[in-house]
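Participant: Chain by chain, the residues:
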Amino acid sequence: MPAESWCIEMEHNEKRSQPGFFRRLLRDWGPLLGISLGTDLDDAVTVEDKYRRYPQPWLRYLLFLLFVLAIVYINHFTVEFTGLTERGWGLVKASLQGLITPSWKVITDSSTTGLAYMLMETFSIGFLGTLFGTVIAIPLAFVCSRNVAPRWVNLIFLVAVTIIRSFPSIMYGIMFVKTVGPGPFAGVLTMTIGSAGMLCKMFVEAIEDIDKGVIEALDASGCSAFEKVRYGIIPQLSSSIISSVLYRLDINIKNASVLGLVGAGGIGAQLIFAIDDRRWSDTGAMLWGLVVLVLVIEYVSTKIRKKLATDIR
Amino acid sequence: MIKFEHVTKQYPNGVLGLDDVDLMIEQGEFVAVIGLSGAGKSTLIRTVNKMIDITGGRLTVNGTDVSTLSRRALRKFRRKIGMVFQSFNLVTRTSVINNVLSARVADMSFFRTLLGLYSRQDKMLALESLDKVGILEKAYVRADQLSGGQQQRVALARTLAQSPEIILADEPVAALDPVMANVVMEDFKRINREMNITVVINIHHVDLALQYADRVVGIRAGRIVYDGPASDVNDEVLKQIYGRELKDDERMKEAE
Amino acid sequence: MRSILQDLLHVFYPRSYTLANGKQIREKFSPIPYITILLIGLILYCMKIAGVDFGLLLAKGRNFWDMLERMIPPNWKYYDTMKKPMLDTINMSLLGSVFGCAVALPVSFYLSGNFKLNKTYLAAHRVLLSLLRTLPTIVVACYFRMVLGMGALVGTIAISIFSYTICVKMMYEYIETVDMGPYEAMVSTGASRPKCMLRAVWPQVKGYYISTVLYCFESNVKSAAILGYVGAGGIGQIISGRLNLRRYADLGLVLLFMTATIVILEGIARFARRKLVH
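Chains as they are written, first to last, in the working numbering: chain D, 1 to 313; chain R, 314 to 569; chain G, 570 to 847.
Hints in this document: simulated from the structure, not taken from any laboratory.
Treat the hints with caution; some may be incorrect.
What the hints assert, rightly or not - Computed spacing ranges between beta-carbons, pair by pair:
1. R/Ser350 <-> D/Ala44: 47 to 55 Å
2. G/Phe581 <-> R/Gln458: 20 to 28 Å
3. R/Glu450 <-> G/Leu574: 25 to 33 Å
4. R/Pro325 <-> G/Ile601: 42 to 50 Å
5. D/Asp49 <-> R/Val492: 56 to 64 Å
6. G/Pro763 <-> D/Thr101: 36 to 44 Å
7. G/Leu577 <-> R/Glu450: 21 to 29 Å
8. D/Pro139 <-> G/Asn632: 20 to 28 Å
9. R/Val328 <-> G/Leu577: 49 to 57 Å
10. D/Ala116 <-> G/Leu700: 19 to 27 Å
Here the structure is a predicted model, which means the values were calculated and not measured.
Think of the CB as a built atom: it goes at the ideal place given N, C-alpha and C, for glycine as much as any other residue.
Let the hints inform the model, and build the full structure from the sequences given.
Facilitator: Put into structure tokens, the structure is as follows:
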């Protein structure tokens, strides 16, 4: 064969073994966005090439930062900072004063207007709300879990629960106040619905995790369905149920204080009134009481949950 | 007495789990079922207490035709048959004694079942069962704090609390180390001897089977290819059952 | 019958058994039956305090649906008035979460035990944080509303504070469980502590941080909607307004959109978090 045509063939082959245009684009600029193909890394001949092809996502971070800044910028029209007025500063000082010198009258008052009673009421609302919520959530969770009910039943109830859960709880508060009148009972009902949704989700996770082997063993020893549930399913669930309930109790007691706002009882109403009336020392007393209550509940619940993980039942 | 007469189990996809099985096991025998994985050992064991239904033939246990049983009668029937599983199947969060007591649940009245109130006799029986397998001192310990071998003994005690006539065991020692496996097999043997309970064990460690069982049943592709005393099992027989040389994991290495 | 009562009694008081072979064993005492009784007592007491009366609920149950019935069909024309507050709410929660978590990040590094700060300073700060955490968002919002006047800024601040407290706690607990090996290696090369944190610890923490931010956002969407009720801006303000005017059809639309927004945003946040775990 003549030498020239042979040479041309070789050139042609070399060109074809080079990657295409877009591929080269990806190889050279991809790393800046954090994308690099393993084959490119392997093909690198010199150390310098390899370094350049390794993901160095500067561009990616920069874009992300710009994105965040854009959000902030777009939103700043919503939020107007007009600066603290003279009056505002005075209020801040006075309120801090009230925190430091809480009103002892409120604290030591042991009647129904006293701090102790208000805290007990708040606790009751949170406690009973969680309790009743659990009672509702358990059967609900069974219906929503894949290993108990058919898939279409699951979906219907899950959708229903999500919608009920997303409905603002203030509205529930208002509606219950309209139904059973103002006072803590409306608060209990509101908390019940609020907790049921969250607890249902947690329980579903626990139910889908159970060990079927235990149930098989009970089946082999001749147990009826009721006995299988009582001795096979419930013992496995009981500790996660209690754990979730305690977690929820924590949050609910905090929220219970808020319900006072709509007249549903608890320390919230008195707290807001005190703030509105500028009764700072009363506010301080109530805030301290609330803080103590929440911290105590948190401590007790953490302790119980730790014990649950290591002890019997 | 367990009697298989031309028993067949065909799955919906056509696969034969059991193929024309004829077998008779008298009360008080210690039978080991060996064979390849998937050969039908598990199926054979589980048909006895109707965990798996048969599709052909006749299976009688102490005179009762198993396929005629349903619901209430089945539950009553299963009371007399204990089952031990490979994965123990204990309720790990409660105490050992509670696990053993769960065997008594099927016999208790509704009110007692609801409240979990076991009677004095039930508790005595549970404690005696634990004593028989040698872990009485662990009675009030949480189940998941025990070792694998101890947990399996708890499972065995649980079946004993049923006062069964037959004990079925589906790979009871597969999840245990050699030392514990021997201990558990000893327990099975002792229970079989002292209490005259029929023991049918599904096992894939051939040397354990030969060491402890009186009678060996070999299954291959759903058919029984060997049925005779353990002492008569030699390499020829094993080759027939397994169709090949034994692999290492089918022998339990002797403990040092 | 008698034996049932006997056994019931022994639930409270353990008995001992003697086996056939002479061994003796005593049941383990369990405080659970006593705790159950105390619990029942507590429940009954709370029910009295809270005035729980199921009879009342059954009797007046109809009223609950009354309001709902008046909200359907919703007044679609109200959409135009509602648009801005709705956007405000979303902005409030987004901005509040991002800002709160952004401030929380460096603080959480300082607060984790790894940074080896002065012990008492650490303890004091953590205690302060716990105290801050117990305040419900609405109370904070109320307070700031009084100091700063009405507006979305108040809500944003309240949400930022709330996000800050949650984020710091979650982050420093996580940082403490992180592998400090690479950090120590860097410190031994003589790099300054912040640099080591950035290069050795941050990459491990990155994923969890973004997950936490999304979690904050998820929780805040719901509270943002409610904060408006105390005048902190957003859609909650409209709710109290419409209620006072008894314009239930408008309210129906507002609630519809609010619920839909919460569902969608929560869904997005959850989806993003799940993707992140991979």
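Participant: The structure should be examined with respect to each hint, and the outcome stated for every one.
Facilitator: Outcome of the hint check:
1. R/Ser350 <-> D/Ala44: 47 to 55 Å: Given range 47 to 55 Å: holds, Cβ gap about 48 Å.
2. G/Phe581 <-> R/Gln458: 20 to 28 Å: holds (26 Å)
3. R/Glu450 <-> G/Leu574: 25 to 33 Å: Taking Cβ atoms as reference, R/Glu450 and G/Leu574 lie about 31 Å apart, which means the hint holds.
4. R/Pro325 <-> G/Ile601: 42 to 50 Å: holds (47 Å)
5. D/Asp49 <-> R/Val492: 56 to 64 Å: About 58 Å separates the Cβ atoms of D/Asp49 and R/Val492, which means 56 to 64 Å holds.
6. G/Pro763 <-> D/Thr101: 36 to 44 Å: This hint holds: roughly 40 Å between Cβ atoms.
7. G/Leu577 <-> R/Glu450: 21 to 29 Å: holds (27 Å)
8. D/Pro139 <-> G/Asn632: 20 to 28 Å: holds (26 Å)
9. R/Val328 <-> G/Leu577: 49 to 57 Å: holds (52 Å)
10. D/Ala116 <-> G/Leu700: 19 to 27 Å: holds (20 Å)
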